[in-house]
Amino acid sequence: MSSKISKPAASPWVETRLPFLASWRAHFTAPVLAPDAPYLGTLPTLITAALVFMAVSGFVLSIHYDPGQGFASLQFIDRDVNNGWLIHAFHETGTTMIFGAVYLSLFRIIYTRAYRAPGEMVWVLGVAQFALLLLVAWLGELLTDGAVSYWSLAGATQAAGNFAGLPGALGAWFFGGPDGPGTLARMAVFHAMLALAIFGIVALHYAARRAITPPAAGRVRVSFHPYYTAQYFVAFVIFALIFAVLVFFAPHLGENRLNLAPANPLAVPVAVTPSWYLLPIIDVAGAFPAPWGGTAAVIARLAVLFALPWLDRSNPAKPGGGLYRVLVVVLAVDLVLLGLVAGAGPSTATTVLTVVFTAYYFLHFLVLTPLVTAMEAK
Amino acid sequence: MMRRFCAAALAGALLLAGAARAEDTLNPPHWQSEGLLGSYDKAALQRGFLVYQTVCASCHSANALHYRDLEGLGFSPAQVAAIASNVKLASGPATLDDVFKTPYPDSAAAAASFGGAVPPDLSDIVAARPGGPDYVYGLLTGYGTAPADVTLLPSHYYDAGYPGGQIAMPPPLKDGQVSYADGTQATAAQEAADVAAFLAWASAPNLDAAREIGLRAVLFLVFLAFLAIATKRKIWRETA
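In the order they appear, the protein sequences are chains A and W.
My numbering numbers the first residue of the first sequence as 1 and each following residue consecutively.
My numbering numbers the first residue of the second sequence as 1 and each following residue consecutively.
So that you can see chain A by itself, here it is in the shape it has in the complex (with noise of 0.2 Å):
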């Protein structure tokens, strides 16, 4: 291979107290990795990317937005500040592109069966990455204080607000009580802290992730740099320019355009649906009866994520089967039918719907998972 052992360092007083040429030459440009990593391998570098994009437009935000005004400063930003417009578009498609990607990455994972040892840590972490995701993104929803979003902030302190004991008083220490007029200034300091969280385990589950790379086998090995960033400048490019399709084409796909319009604390609005990135998991209001139902549903719902690398019941050296990844896919239909159903609206046939689809879902990885998987390993 062409790339060279770089020279020694520049100065070594500094490398010896600080030893990035180093760490630099073992990521970048050593020759010691197979030459064969496919495109889709980069999802987890296009998500750090786009979350640290997030950070910065979500900074630029938060200097304009002023959650006494809610509603009316994103009106502000988008109509009076210079780009403001472009800026909230940027945030608000950048949520999408996230879990677009987080989506795909966690199909991926599954279908290939990748989160089975040595892989159990790096797939938990990005289950946690994936939950806390999830948080983030319900609580710059709620930021928008739209007609819809208002709703969903008043039934969640309203829930919370019903539980006894400790989650009763976690519920109190978050929310500080059933919504009003300081709790947008909560929610924003929750969302900007809980984002900065998921850097850490951006952190960590790089950690995880090197920690288990095997070796490279064989006979040709090829650096990170050049070979590999031609590759990560490829899959960013088509990332931005399916972004900017959306961004500037398309700006509030997936949304409940009901959330368009100022909160009302007077009207409950038709159907208060979320986004597309958590209809999958936040069901319709009332499909499970209060105070613990909707709660738990979603809680479990993640808990059954966590578990899979254990759930799952074959030998981690032999190669999957076909008819887990048949189940896997059809895992993925029944989870586009539950996020379309519940994004209908509520009424008794999406009830009915939402609590089938949802069985199946369970029914996937506390039956069919560690059935199939038996059989696999006899």
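Derived by calculation from the structure, the hints in this document are not laboratory data.
As the structure is a computational prediction, the values presented were derived from the model and not from experiment.
Idealized CB from N, CA, C, for every residue including glycine.
Be careful, since some hints might not be right.
Calculated pairs, SDA-like style, for lysine to any residue (alpha carbon to alpha carbon, straight line, at most 20 Å) [as the list claims (entries may be wrong)]:
| # | chain 1 | residue 1 | chain 2 | residue 2 |
| --- | --- | --- | --- | --- |
| 1 | W | 232 | A | 80 |
| 2 | W | 232 | A | 29 |
| 3 | W | 232 | A | 225 |
| 4 | W | 42 | W | 26 |
| 5 | W | 174 | W | 27 |
| 6 | W | 234 | A | 33 |
| 7 | W | 101 | W | 54 |
| 8 | W | 234 | A | 28 |
| 9 | W | 234 | A | 225 |
| 10 | W | 232 | A | 21 |
| 11 | A | 318 | A | 378 |
| 12 | W | 101 | A | 80 |
| 13 | W | 232 | A | 33 |
| 14 | W | 232 | A | 104 |
| 15 | W | 232 | A | 234 |
| 16 | W | 234 | A | 224 |
| 17 | W | 234 | A | 368 |
| 18 | W | 101 | A | 128 |
| 19 | W | 101 | W | 134 |
| 20 | W | 174 | W | 134 |
| 21 | W | 42 | W | 93 |
| 22 | W | 234 | A | 221 |
| 23 | W | 232 | A | 35 |
| 24 | W | 232 | A | 229 |
| 25 | W | 232 | A | 224 |
| 26 | W | 234 | A | 31 |
| 27 | A | 378 | A | 368 |
| 28 | W | 42 | W | 71 |
| 29 | W | 42 | W | 72 |
Here are the in silico distance ranges between beta carbons for each label pair [claimed, not checked]:
| # | chain 1 | residue 1 | chain 2 | residue 2 | range |
| --- | --- | --- | --- | --- | --- |
| 30 | W | 174 | A | 59 | 47 to 53 Å |
| 31 | A | 349 | W | 152 | 27 to 33 Å |
| 32 | W | 86 | A | 267 | 30 to 36 Å |
| 33 | W | 38 | A | 345 | 25 to 31 Å |
| 34 | A | 165 | W | 218 | 52 to 58 Å |
Add chain W to chain A, keeping to what the hints say.
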């Protein structure tokens, strides 16, 4: 060669422009701003603003709009200043930095005038209603006599374009309610279409800018994508 191509493109563009002028935007109703590459029809926006100012503004507010924003409709600064100075606020004539005049001191006063119904703020009505400008147009042209099986609530009107069919707003538009400076015939349907176009602009005043930047960004990124793929293939060729 290049000149011949330009001449053909110019002829084509003129042909399209001619077709656009003859286009009937009311049958079926459609708006130039719709679709992926749509942009606002400034003439329709200005006509729609005239309808808005003459009819809608006497009951509805648009709290997110300032008079200075009207330059986005293609009005000159002098025209906008004249429009603002003709609006009488409690503090005197409106200035460019005033918010559109609010017709009622508060929502209770508005509700008292309409049997409990509050005229909604129109700043974001097109963005916030499924159907957008079609919804506004359908509502404004949907008035009619109630079918036999519908019993109207007191001080309500039958409107096929409104969810539930019963609306507290009296029919606002009629033929010749305004007279357009550009000679367009002011039928009720034309007024409804124009005010829907204006309200679409009010909801998304940056649409034209977004499309303009977006087209450049997408073209640039498509070019960059080809460049990136070519670069990647060249770099990886020696490893194969």
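Each hint, compared with the structure:
Restraint check for residue 232 of chain W and residue 80 of chain A: not satisfied, since their Cα atoms lie roughly 43 Å apart, outside the 20 Å limit. Simply put, residue 232 of chain W and residue 29 of chain A have alpha-carbon atoms about 17 Å apart, close enough for the 20 Å limit, and the pair holds. For a cut-off of 20 Å, the pair hint linking residue 232 of chain W to residue 225 of chain A stands: about 11 Å separates their Cα positions. This hinted pair checks out: residue 42 of chain W and residue 26 of chain W have alpha carbons roughly 17 Å apart, not beyond 20 Å.
Only pairs whose Cα atoms come within 20 Å are accepted, and residue 174 of chain W paired with residue 27 of chain W is accepted, the gap being roughly 18 Å. Distance restraint check for residue 234 of chain W and residue 33 of chain A: the Cα-Cα separation of roughly 18 Å lies within the 20 Å cut-off, and the hinted pair is therefore satisfied. Distance restraint check for residue 101 of chain W and residue 54 of chain W: the Cα-Cα separation of roughly 13 Å lies within the 20 Å cut-off, and the hinted pair is therefore satisfied. Using a Cα cut-off of 20 Å, the hinted pair residue 234 of chain W and residue 28 of chain A holds, with the two alpha carbons roughly 19 Å apart.
For the given pair, residue 234 of chain W sits about 14 Å from residue 225 of chain A by alpha-carbon distance, which is consistent with the 20 Å threshold. For the proposed pair residue 232 of chain W and residue 21 of chain A, the alpha carbon gap of about 26 Å is over 20 Å, so the pair is violated. For the hint linking residue 318 of chain A to residue 378 of chain A, the alpha-carbon distance of about 11 Å falls within 20 Å, and the restraint holds. Between residue 101 of chain W and residue 80 of chain A the alpha-carbon distance is near 18 Å, which keeps this suggested pair within the 20 Å criterion.
At most 20 Å may separate the alpha-carbon atoms for a hinted pair to count; residue 232 of chain W and residue 33 of chain A meet this at roughly 16 Å. Of the supplied pair hints, the one linking residue 232 of chain W and residue 104 of chain A is violated, its CA atoms being roughly 24 Å apart against a limit of 20 Å. With a CA separation close to 7 Å, the supplied pair residue 232 of chain W and residue 234 of chain A stays within the 20 Å bound. For the hint linking residue 234 of chain W to residue 224 of chain A, the alpha-carbon distance of about 15 Å falls within 20 Å, and the restraint holds.
Between residue 234 of chain W and residue 368 of chain A the CA atoms are separated by roughly 46 Å; this puts the pair beyond 20 Å, and the hint is violated. Under the criterion of a C-alpha separation no larger than 20 Å, the hint pairing residue 101 of chain W with residue 128 of chain A is inconsistent with the structure, at around 50 Å. Among the hinted pairs, residue 101 of chain W with residue 134 of chain W is inconsistent with the structure: their alpha-carbon atoms are about 26 Å apart, more than 20 Å. Of the supplied pair hints, the one linking residue 174 of chain W and residue 134 of chain W holds, its CA atoms being roughly 19 Å apart against a limit of 20 Å.
Straight-line distance between C-alpha atoms of residue 42 of chain W and residue 93 of chain W comes to about 26 Å, which puts the hinted pair past the 20 Å bound. With a C-alpha separation of about 17 Å, the suggested pairing of residue 234 of chain W with residue 221 of chain A holds against the 20 Å cut-off. With a C-alpha separation of about 13 Å, the suggested pair residue 232 of chain W and residue 35 of chain A falls inside the 20 Å cut-off, and the hint holds. For the given pair, residue 232 of chain W sits about 9 Å from residue 229 of chain A by alpha-carbon distance, which is consistent with the 20 Å threshold.
Only pairs whose Cα atoms come within 20 Å are accepted, and residue 232 of chain W paired with residue 224 of chain A is accepted, the gap being roughly 13 Å. Our distance criterion of 20 Å between C-alpha atoms is met by residue 234 of chain W and residue 31 of chain A, whose separation comes to about 18 Å. Of the supplied pair hints, the one linking residue 378 of chain A and residue 368 of chain A holds, its CA atoms being roughly 16 Å apart against a limit of 20 Å. Taking the CA atoms of residue 42 of chain W and residue 71 of chain W, the gap is near 11 Å; set against the 20 Å cutoff, the hint holds.
Straight-line distance between C-alpha atoms of residue 42 of chain W and residue 72 of chain W comes to about 9 Å, which keeps the hinted pair within the 20 Å bound. Hint check: residue 174 of chain W to residue 59 of chain A, Cβ distance near 52 Å, so the stated range 47 to 53 Å holds. Remark: the range hint 27 to 33 Å for residue 349 of chain A to residue 152 of chain W is upheld by a beta-carbon distance near 31 Å. Roughly 35 Å separates the CB atoms of residue 86 of chain W and residue 267 of chain A, a value that falls within the hinted 30 to 36 Å.
Hint check: residue 38 of chain W to residue 345 of chain A, Cβ distance near 28 Å, so the stated range 25 to 31 Å holds. Between residue 165 of chain A and residue 218 of chain W the beta carbon distance is about 54 Å. The supplied range of 52 to 58 Å therefore holds.
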